[in-house]
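Visitor: Sequence:
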Amino acid sequence: MQKKTLALAVACLAAAPAFAQSNVTIYGRADYGLMSRTGSSGATPDFNGKTEFASGIQGATRIGFRGSEDLGNGLKAIFELEYGTALDQGTTTSTQWGNRHSWVGLGGNFGTVIGGRIDGLRYNAMFSKYDPFGVVTLGNFAQMTPQVDRYDNAVMYISPNLKGLTATAVFSTQARGQENAGNRGDNRLLGAMLGYENGPLSLGASYEYYWTQGAPDNKLWFATFAAAYDFGVVKVSALYDKIQSDDGNTLVKGQDQNSWLVGVKAPVAKNIDVRAMYGQTYYDEYKGKDANDLDASKWGVGADYRLSKRTNFYADYGSIHNDSNAMNTIGPAGTNYLNGYGVRGFDVGLAHKF
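Residue numbers for the sequence shown, in numbering that gives the first Met the number 0: 0 to 353.
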């Protein structure tokens, strides 16, 4: 299942019918399954294997609230608050009940402006859309490269749809990390994205630039380009991603990384979809030095069996091959860069959306 991109979700909300009073919708997802991982490759050590029940394999278990108020003259006030939790643990601690995104804004003929904690462009509107696994399950490719899933303390503008073309711009005064006394040490971000939709054709490009106030050698750049075409019997997608960072960057020190993927998704019956993906990541530079034998590849296959529009079973398999000095591990979420377990595994589960 592909997640809705932020731009699509905001556009749908801004385009909702006018109401004389504020209206609120409660939505969410409950996801639970079995996940098993094992194996070694390259510099990844040999694992004995790990099999576990887990919440949120195909998509984080969550509850959300969204709403709008008609302010007249085509102007709307909009908001969305979303919180993640876990089905498999009886706790409401901060590690399990956390703020996923939360924003408030205005929408009108000029477009949409929102502010708060906002889903990231590269992660949620590029990898999530053009990888047939999104950024979830053991089949996803997003975990093969560092990801920043959300921007804290951010303001975002989304343009109106102009014959299929949309533009998005974002600025964050503290994109990640703790707030500091004064501005020194704040992690600033500028980002932009262009998207084009025309029938079966979809194109996207995004750019993110991070820097740290008072640290001139702590800069980080992401550039991502993607395309997809839906032939009806099969949807084909491709993505290319480039990362560069300064030697002093605290997230990915001295890195020049290239990644690409190709994927397919196809309906094979009235209520069954299958998907597959293959991708590679390789380095021109790593930690300020020439990269030797750090390349890696991953492939994944999976399927959904839909019981209804809101409920589905899922099953996926993923496998990573590391070169001799690479140590990627496999995980069910796109932000698990080098923090997974083993190099191959499968998952099965049940998801319900409300």
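Think of the hints as simulated: they come from the structure by calculation, not from any bench.
Treat the numbers as computed from the prediction; the structure is a model and nothing was measured.
There may be inaccurate statements among the hints.
Said to hold, decoys possible - Capping the alpha-carbon separation at 27 Å, the derived lysine-lysine pairs in BS3-like fashion look like this:
| id | residue 1 | residue 2 |
| --- | --- | --- |
| 1 | Lys308 | Lys352 |
| 2 | Lys234 | Lys269 |
| 3 | Lys269 | Lys218 |
| 4 | Lys234 | Lys352 |
| 5 | Lys286 | Lys241 |
| 6 | Lys241 | Lys252 |
| 7 | Lys308 | Lys269 |
| 8 | Lys162 | Lys49 |
| 9 | Lys218 | Lys241 |
Visitor: If a hint holds in the structure, say so; if it doesn't, say that too.
Guide: Hints versus structure:
1. Lys308 / Lys352: 9 Å, holds
2. Lys234 / Lys269: Answer holds: Lys234 to Lys269 is near 16 Å, not above 27 Å.
3. Lys269 / Lys218: 48 Å, violated
4. Lys234 / Lys352: Holds: Lys234 and Lys352 sit about 24 Å apart, inside 27 Å.
5. Lys286 / Lys241: Holds - the C-alpha atoms of Lys241 and Lys286 are around 16 Å apart, at most 27 Å.
6. Lys241 / Lys252: Distance of about 15 Å is within 27 Å: holds.
7. Lys308 / Lys269: 12 Å, holds
8. Lys162 / Lys49: 49 Å, violated
9. Lys218 / Lys241: 14 Å, holds
When each numbered hint is compared with the structure, violations occur for hints 3 and 8.
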